[in-house]
Amino acid sequence: MGKLVQTNQKMKVNIQNSWGDQIFSITSGLVLAIICLLTLLPVVTVMLNSLTPTKDLVNNPNSFIVIPSYITFNHYIWLFKGSQRIFTAYTITILRTLVGTFLCLFMTVVTAYPLSKKYLPGRNGIMKLFFFTLIFSGGMIPTFLVVNGMKITDTFFALLIPCALNVYYMIIMRTFFASIPEEISEAARIDGASDVTVLFKIILPLALPSMAAIGLFYAVFHWNSFMDVVMYINKRSLWPLQMLLREILVTNDIGELSLGGLIQDAARPPASVITNCTLVVSALPLMCIYPFLQKYFVKGLMIGSVKG
Amino acid sequence: MNSTTILPLNPKETSKMEASWISRLITALVRYKYLYLLLVPGILYIIIFCYGPMIGLVISFQDFKITKGVFGSKFVGFDNFTYLLKSPQFLAAFRNTCIISLYKIIFSFPTPILLALLINEIRINIFKRSVQTIIYLPHFLSWVIMYGLIFNLLKDFGPINQLVRAFGGDTIFFLSDVRYFRGVVVLSDIWKEMGWNSIIYLAALAGVPLELYESAKMDGANRVNIIFGISLPYILPTIIIMFLLRIGNVLNVGFEQIISLYNPSVYSVGDIIDTYVFRVGFIQTEFGVSAAAGMFKSVIACIMVVFMNNMMRKYEQESLF
Chain A
1 MGKLVQTNQK MKVNIQNSWG DQIFSITSGL VLAIICLLTL LPVVTVMLNS LTPTKDLVNN
61 PNSFIVIPSY ITFNHYIWLF KGSQRIFTAY TITILRTLVG TFLCLFMTVV TAYPLSKKYL
121 PGRNGIMKLF FFTLIFSGGM IPTFLVVNGM KITDTFFALL IPCALNVYYM IIMRTFFASI
181 PEEISEAARI DGASDVTVLF KIILPLALPS MAAIGLFYAV FHWNSFMDVV MYINKRSLWP
241 LQMLLREILV TNDIGELSLG GLIQDAARPP ASVITNCTLV VSALPLMCIY PFLQKYFVKG
301 LMIGSVKG
Chain B
1 MNSTTILPLN PKETSKMEAS WISRLITALV RYKYLYLLLV PGILYIIIFC YGPMIGLVIS
61 FQDFKITKGV FGSKFVGFDN FTYLLKSPQF LAAFRNTCII SLYKIIFSFP TPILLALLIN
121 EIRINIFKRS VQTIIYLPHF LSWVIMYGLI FNLLKDFGPI NQLVRAFGGD TIFFLSDVRY
181 FRGVVVLSDI WKEMGWNSII YLAALAGVPL ELYESAKMDG ANRVNIIFGI SLPYILPTII
241 IMFLLRIGNV LNVGFEQIIS LYNPSVYSVG DIIDTYVFRV GFIQTEFGVS AAAGMFKSVI
301 ACIMVVFMNN MMRKYEQESL F
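Those protein sequences? They're chains A and B, same order as listed.
With the working numbering, the residue at position 267 of the first sequence is 267, and numbering never jumps.
With the working numbering, the residue at position 47 of the second sequence is 47, and numbering never jumps.
Because the hints were derived from the structure by calculation, they are not lab data.
Be a bit skeptical, because a hint or two may be false.
Within a straight-line C-alpha distance of at most 25 Å, the following computed BS3-like cross-link-like pairs (lysine-lysine) qualify [said to hold, decoys possible]:
{"#": "1", "chain 1": "A", "residue 1": "55", "chain 2": "A", "residue 2": "118"}
{"#": "2", "chain 1": "A", "residue 1": "151", "chain 2": "B", "residue 2": "68"}
{"#": "3", "chain 1": "B", "residue 1": "65", "chain 2": "A", "residue 2": "151"}
{"#": "4", "chain 1": "A", "residue 1": "117", "chain 2": "B", "residue 2": "33"}
{"#": "5", "chain 1": "A", "residue 1": "118", "chain 2": "A", "residue 2": "299"}
{"#": "6", "chain 1": "A", "residue 1": "118", "chain 2": "B", "residue 2": "33"}
{"#": "7", "chain 1": "A", "residue 1": "235", "chain 2": "A", "residue 2": "117"}
{"#": "8", "chain 1": "A", "residue 1": "299", "chain 2": "B", "residue 2": "128"}
{"#": "9", "chain 1": "B", "residue 1": "314", "chain 2": "A", "residue 2": "151"}
{"#": "10", "chain 1": "A", "residue 1": "235", "chain 2": "B", "residue 2": "65"}
{"#": "11", "chain 1": "A", "residue 1": "128", "chain 2": "B", "residue 2": "314"}
{"#": "12", "chain 1": "B", "residue 1": "33", "chain 2": "A", "residue 2": "201"}
{"#": "13", "chain 1": "A", "residue 1": "235", "chain 2": "A", "residue 2": "151"}
{"#": "14", "chain 1": "B", "residue 1": "155", "chain 2": "A", "residue 2": "295"}
{"#": "15", "chain 1": "A", "residue 1": "55", "chain 2": "B", "residue 2": "68"}
{"#": "16", "chain 1": "B", "residue 1": "33", "chain 2": "A", "residue 2": "128"}
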């Protein structure tokens, strides 16, 4: 309560908190704490489960949360040592996220920049062309036929090219570019710089916070995406992590991991633990990154909410 | 930005104003060649991957065979559409789409607003920031991971069923029971996205002028009065705009969510248009029928979005005065 009184003093309002208000603060705090607990609980239990020694799990086959007698990373070692598939899948996911995010950001920037120039002849017509794609789409099957017709199914490009640009994010970026004073680029142009130089040397450094937000959105999309893999990729060696995980979960069989010789190990952990380990390794990287980018994506969403 | 500031003003330019549009086009292309060049990849992209599929919708009027291609397949008029309207599966999928969407609008739409109002009441900054970080977390998990987490929660020896049994109930198979499946869909949607969706309302709440709160306090208003008297009315325009956007997307009920969570035993309540399109297209390879179902959805969605955008424009104009 001390803090509450303090902030009120900061606001220079000299009114005592009534009892009702204090009870209200406490309840709202409690409700939020419970919401946070409920949000975290499923994640934490899965993590805890993956760190529990096999012995504990085998002894309590029917309890959901086993308080581990000690914490062990053995299951992860087991997973990464035993399975070639998980390495391949991880590599594909990381490669896709890096290359895909870079490609998407590049496409977004080069499209958004010219469209942010109000003086560019034909800009409105081109904008309409982009807006229309937001309200009408050909749908799944015709898109598949286009991708199939380009002969990129079952190649790594199928994970990059069909999603190379998100028109909605492009419009957010365009709104941001339009808010940068024209004088800045004009000064550079008078010095003889071309529009391309101006964009990459002067405008982009100013746009870094927005790029961080939109880059995160794209990275999350690429890391988590699996439907395009279902549709475009049959070759299992090209499967990213999410797809491998989906197969394990749907078939409820860790055979998909091709654990090789270790499958015959006497101390083989239960399949559910290996599934949980795969869950954790697929979720952990993004879970570790997003808190540091929080202030950027909040801003990114706010730019988006301003009508462009 | 005034266009004259960037055009070099030289007397020759004015004569070009009268020139034909072709020469004006050429002048523009030459003067802004780099800007147009930058636009090429983006325009190529939407032509191929957005407009290409729209043209590809002609296959919904065909008995499409992938071996024969778009030009070789036979046109069958509206046969695919009449087939759909007679197909019980499609009609069930359409009905489910509307019902799940309605549930989501009733239950998942207001939660982020309430959440934002609650968070806004927290005065201890570190607590506020931690709460926000935690509730954004599920947004960053894919639906595949979400399915893994939900399965762990709801399996027969999961915590929920342990609780159910502790209270004397029978084990409930939430993911394969038609009575519970939609509930699971709506609740998991709330869990995943409520934090993320509250960001926009929190941003709006941050804009409430402090003087408003102060004068209300002076007048003796308590916290509840302030929430309903000041905070809520202040973010009402944001709520209305978000609501109209949501209604415009009424047929998007979460394809990745449903396809991750559902299984054949709950098709009757969980199958939506998107999953129907996917199944008929990719598993039964009835491309024509599938494309027709997709087009059915796209056309309705397009009408809804345009209608809601007009409502929004009207609302924005009215709210200016």
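To see whether the hints hold, each was checked on the structure:
Restraint check for residue 55(A) and residue 118(A): not satisfied, since their Cα atoms lie roughly 68 Å apart, outside the 25 Å limit. For a cut-off of 25 Å, the pair hint linking residue 151(A) to residue 68(B) stands: about 16 Å separates their Cα positions. The straight-line distance between the Cα atoms of residue 65(B) and residue 151(A) is roughly 17 Å, inside the 25 Å bound, and the hint therefore holds. Of the pairs offered as hints, the one joining residue 117(A) and residue 33(B) holds, with about 13 Å between alpha carbons and a cut-off of 25 Å not exceeded.
Distance check on the hinted pair: residue 118(A) and residue 299(A) sit about 24 Å apart at the alpha-carbon level, within 25 Å; holds. This hinted pair checks out: residue 118(A) and residue 33(B) have alpha carbons roughly 16 Å apart, not beyond 25 Å. Taking the CA atoms of residue 235(A) and residue 117(A), the gap is about 44 Å. The hint is violated against a cut of 25 Å. Between residue 299(A) and residue 128(B) the CA atoms are separated by roughly 17 Å; this keeps the pair inside 25 Å, and the hint holds.
For a cut-off of 25 Å, the pair hint linking residue 314(B) to residue 151(A) is broken: about 46 Å separates their Cα positions. Of the supplied pair hints, the one linking residue 235(A) and residue 65(B) holds, its CA atoms being roughly 23 Å apart against a limit of 25 Å. With a C-alpha separation of about 20 Å, the suggested pairing of residue 128(A) with residue 314(B) holds against the 25 Å cut-off. Distance restraint check for residue 33(B) and residue 201(A): the Cα-Cα separation of roughly 18 Å lies within the 25 Å cut-off, and the hinted pair is therefore satisfied.
Only pairs whose Cα atoms come within 25 Å are accepted, and residue 235(A) paired with residue 151(A) is accepted, the gap being roughly 14 Å. With a C-alpha separation of about 37 Å, the suggested pairing of residue 155(B) with residue 295(A) is violated against the 25 Å cut-off. Of the supplied pair hints, the one linking residue 55(A) and residue 68(B) is violated, its CA atoms being roughly 59 Å apart against a limit of 25 Å. With a C-alpha separation of about 21 Å, the suggested pairing of residue 33(B) with residue 128(A) holds against the 25 Å cut-off.
Violated hints for the displayed structure, listed by number in ascending order: 1, 7, 9, 14 and 15.
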